[in-house]
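What follows is the residue order along each chain.
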Amino acid sequence: GENVEQHPSTLSVQEGDSAVIKCTYSDSASNYFPWYKQELGKRPQLIIDIRSNVGEKKDQRIAVTLNKTAKHFSLHITETQPEDSAVYFCAASRGTNAGKSTFGDGTTLTVKP
Amino acid sequence: GAGVSQTPSNKVTEKGKYVELRCDPISGHTALYWYRQSLGQGPEFLIYFQGTGAADDSGLPNDRFFAVRPEGSVSTLKIQRTERGDSAVYLCASSSLAGGNEQYFGPGTRLTVT
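As they're listed, the protein sequences go chains A and S.
Residue 874 in my numbering is what sits at position 49 of the first sequence, and the numbering runs on without skipping anything.
Residue 242 in my numbering is what sits at position 10 of the second sequence, and the numbering runs on without skipping anything.
Be aware that one or more of the hints could be misleading.
As a list, the in silico DSSO-like pairs of lysine-lysine whose alpha-carbon atoms are at most 30 Å apart [unchecked claim]:
| # | chain 1 | residue 1 | chain 2 | residue 2 |
| --- | --- | --- | --- | --- |
| 1 | A | 862 | S | 249 |
| 2 | A | 882 | A | 862 |
| 3 | A | 893 | A | 937 |
| 4 | A | 883 | A | 937 |
| 5 | S | 243 | A | 862 |
| 6 | S | 310 | A | 867 |
| 7 | S | 249 | S | 310 |
| 8 | S | 247 | A | 937 |
| 9 | A | 867 | S | 249 |
Bear in mind the hints are in silico, worked out from the structure with no lab data behind them.
Note that the structure is predicted; figures quoted are calculated from it, not measured.
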């Protein structure tokens, strides 16, 4: 089955700096890669996703890149703000409506004011 | 519109007891997923429904766990003979055919087995 590894497990940055979180996956059939933000005690919320026919996607301060050959994808947050502090999870799944997502173990991001 | 809802928000039960956890997906979402999240880890897949049928139950850890979705909307996760190791947050998510695989999560049920 799919295996997703996520690094780093914790990340601390100064406000205004950039943050990068990286994930690798094992199943070459995976072609949908979402990123979730989870605040303490809250539900995971989708912040950005990318499909395998695209190499990069941006949404304001957030971007995701995908390298299918190397089977890795990354989340980039620019101009970080204290409210970006949360746990971020990457995930991988096969195709549209193909069921389960396999999640990484999360990265705890702390943005220091 | 209303998002995914789950009840109860918290459940404390004694080892060996039976529990039921309920999920109300977003109206019209045909796909429904159950995940389990332990402290410091990502959600772990349990089971996926497409309509009324379980399309993939490969994540259910053993036969103490069972889930149903009889009318293709509300789902119930049932755990028999609970064990302390079952303690976790149980998350439900739903998605629509039109929305691709974008999954919307509920707030979760925190299960504590004493």
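Cross-check of the supplied hints:
1. Between the alpha carbons of residue 862 of chain A and residue 249 of chain S the distance comes to roughly 33 Å, so the proposed pair goes past 30 Å and is violated.
2. For the hint linking residue 882 of chain A to residue 862 of chain A, the alpha-carbon distance of about 17 Å falls within 30 Å, and the restraint holds.
3. At roughly 33 Å between alpha-carbon atoms, residue 893 of chain A and residue 937 of chain A are farther apart than 30 Å, so this suggested pair is violated.
4. Pair hint residue 883 of chain A plus residue 937 of chain A holds up; C-alpha atoms about 24 Å apart against a cutoff of 30 Å.
5. Between residue 243 of chain S and residue 862 of chain A the CA atoms are separated by roughly 25 Å; this keeps the pair inside 30 Å, and the hint holds.
6. The straight-line distance between the Cα atoms of residue 310 of chain S and residue 867 of chain A is roughly 23 Å, inside the 30 Å bound, and the hint therefore holds.
7. Proposed proximity of residue 249 of chain S and residue 310 of chain S is supported: the alpha carbons are some 11 Å apart, at most 30 Å.
8. Restraint check for residue 247 of chain S and residue 937 of chain A: the C-alpha separation of about 42 Å exceeds 30 Å, so the hint is violated.
9. Simply put, residue 867 of chain A and residue 249 of chain S have alpha-carbon atoms about 27 Å apart, close enough for the 30 Å limit, and the pair holds.
When each numbered hint is compared with the structure, violations occur for hints 1, 3, 8.
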